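K.L.:
Take a look at the letters that make up each chain.
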Amino acid sequence: MTPGAREWQLVLPLALFFAVFVFAPLALLGVVSFYDDAAITTPGVAQYVKFLTDRFNMAVLGQTLWLGLLATAGALVIGYPLAYIYMVAPVGVQRVLMLVIVLPLLTSAVVRTFAWVVILGRQGIVNSVLAAIGLIDAPVRLLYTPSAVVVALAQIQLPLMVLPVITALGNIDPNLRHASHALGAGRWRTFIEVTLPLSAPGLLAGCLLVYAGSVSAFVTQTLVGGGQLMLMPQYMYQQAIQANNYPFAAAVAMILLAAVLAIVIVVNIVSRRAETLVHG
Amino acid sequence: MADHPRARESRASRLERWSFALAFGIAGGIAIVLLVAPTLIVLITSFTSAYSLKFPPPGYSARWYLALWTDSPEILAAAWLSVEVAALATAIATVLAVAGAVALARRRAAWARVLDAVFMSPLMLPTLALGLALLVLFNVLGRGLSMTTLVIGHVAICTPYILRTTTASLLQLDPALLDSARSLGARPWFTFRTVTLPLVAPGVAAGAFIAFMASFDNVAISLFLSDARSEVLPIRMWHIIEANLDVRAAAASGVLIGAAVVLMLLLERLTGVSRHLR
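These protein sequence lines map, in sequence, to chains A and B. The end of the first sequence is residue 280 by the numbering used here, with every number in the run present. The end of the second sequence is residue 1278 by the numbering used here, with every number in the run present.
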């Protein structure tokens, strides 16, 4: 026997835990979603038919994915430049920037969501400033709107975008940039033709994390979106706990899972393609 | 021919450089403000002397922190339960994940890669769905909700963080160290205890810290798996914010922000935790 040959057995407890408490329940949830009645007696596809043919349900799904997409785009547009600034900053500045980026990640999402409730509230800073410069006479409603949810989600998930991009940018040989400059390409052209494609894996990883986090961000969606805005996670919760309709809640969960998984798979394929393009 | 071609080109290239710096500076600046400002605003609001979350506050006092400490047994009980659940879940997850990382790190076989992706999946999948799924499972098994069910759910979301940081630390470990320990006759467990574990400990600690915070912060799992009597802090706060926007929520947020800053700086000193977050 070679030394360490039995080391693989150490994975068994974790594998067992995942089999029993992650996969079995998800499989069970899948089974439950294929029952026609709330009492779970008649098997069938009624829940999915009900979801996919109903205008309201499809609007909930579409709105959830759309807001997730917008939040991802928002986080990318400001997160990528921040990662770039981090990369070119001197070491001392980098240390401070890293704390600024990481700290929100370690403070509770409830707290970060609460911050947006304070900022966008009727007496919040945005309304105060708008009133002070005379743009509005009475406080405007900023909370409980889709735009508020997008802004809050993008901000709350921002570190998850910045960190993978920093890693990807750090892996790029700075000589490539210098060579591009020396050969006469400007900043923009170097960025678009050299830096951006080489950082694609980190960028895609960041987008994936932000998107997956945004579409299932129950706390932010419910507190910033309020009662008017129904999104998938809240819909699932409401159907299970308040309406006691487990098969329908399970179908909602499965559809949300499928929507996230589909994006994960697509992004993985694109990212592998990008890597082969870069590394030949 | 007023312009010399070289002068024209240099003006264009200056414009080009400036526009690049400006665009990235503005976007990055917005990102920095957005990362810092909300936390500061909550901290400032928590010291208000008023009964509302008006910003800027009309006056300052520590009354809401006092109210939190003397007058809010339900928030303190929820906080304590959250600490208990997070500590238990992190402890169990650490044992499972470190063993798993030792087994999987450096292994290139397909099954090992697949398992690795599987163990990381809770980071990506909607945890709300997992919460509902576990609730259905416990119902089918005829088990009522309890502290145990809550901790089980939290272990699932804690393991990926610890697995990731421990695996990264193991990959940085010089294999020659393990080889020499082996060739000197050390048994695997002895090698693990005296060589491997001390060297990967900072990575494990960083992962455990992040996992603890993730569990402490989790709403999605607790929403489905805690029984009526046990309410964890984030859910208590969620109710407060949703129902009546009590200023005590700001004070509680202030305490949580303070705790995160202190823990973060402490762990940064000890383990360089920010390196492990990437």
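None of these hints come from the bench; they were simulated from the model. These figures come from a predicted structure and were not determined experimentally. Heads up, the beta-carbon is just placed ideally off N, CA and C, and yes, glycines get one too. Accuracy of the hints is not assured; some may be wrong.
Reference excerpt, derived from the structure (chain B facing chain A, CB under 8 Å, subset only) [what the hints assert, rightly or not]: (1) Phe-1020; (2) Pro-1038; (3) Phe-1047; (4) Leu-1096; (5) Val-1114; (6) Met-1147; (7) Ala-1168; (8) Leu-1170; (9) Gln-1172; (10) Leu-1173; (11) Ala-1176; (12) Ala-1220; (13) Ala-1249.
K.L.:
Each hint needs a verdict: does it hold in this structure or not?
P.N.:
Checked hints:
1. Phe-1020: 4 Å, holds
2. Pro-1038: 3 Å, holds
3. Phe-1047: This hint is violated: Phe-1047(B) lies away from chain A, its Cβ roughly 13 Å from the closest one there, beyond 8 Å.
4. Leu-1096: 4 Å, holds
5. Val-1114: 11 Å, violated
6. Met-1147: 15 Å, violated
7. Ala-1168: Cβ of Ala-1168(B) sits 11 Å from chain A, so the hint is violated.
8. Leu-1170: Violated, about 11 Å.
9. Gln-1172: Gln-1172(B) check fails; min Cβ-Cβ to chain A is 15 Å, beyond 8 Å.
10. Leu-1173: Check failed: Cβ of Leu-1173(B) comes no nearer than 13 Å to chain A, outside 8 Å.
11. Ala-1176: Status violated, d = 14 Å.
12. Ala-1220: Hint holds; Ala-1220(B) Cβ to chain A Cβ min 6 Å, cut 8 Å.
13. Ala-1249: Given a least distance of 6 Å, the restraint on Ala-1249(B) holds.
The structure is inconsistent with the numbered hints 3, 5, 6, 7, 8, 9, 10 and 11, although it conforms to all the rest.
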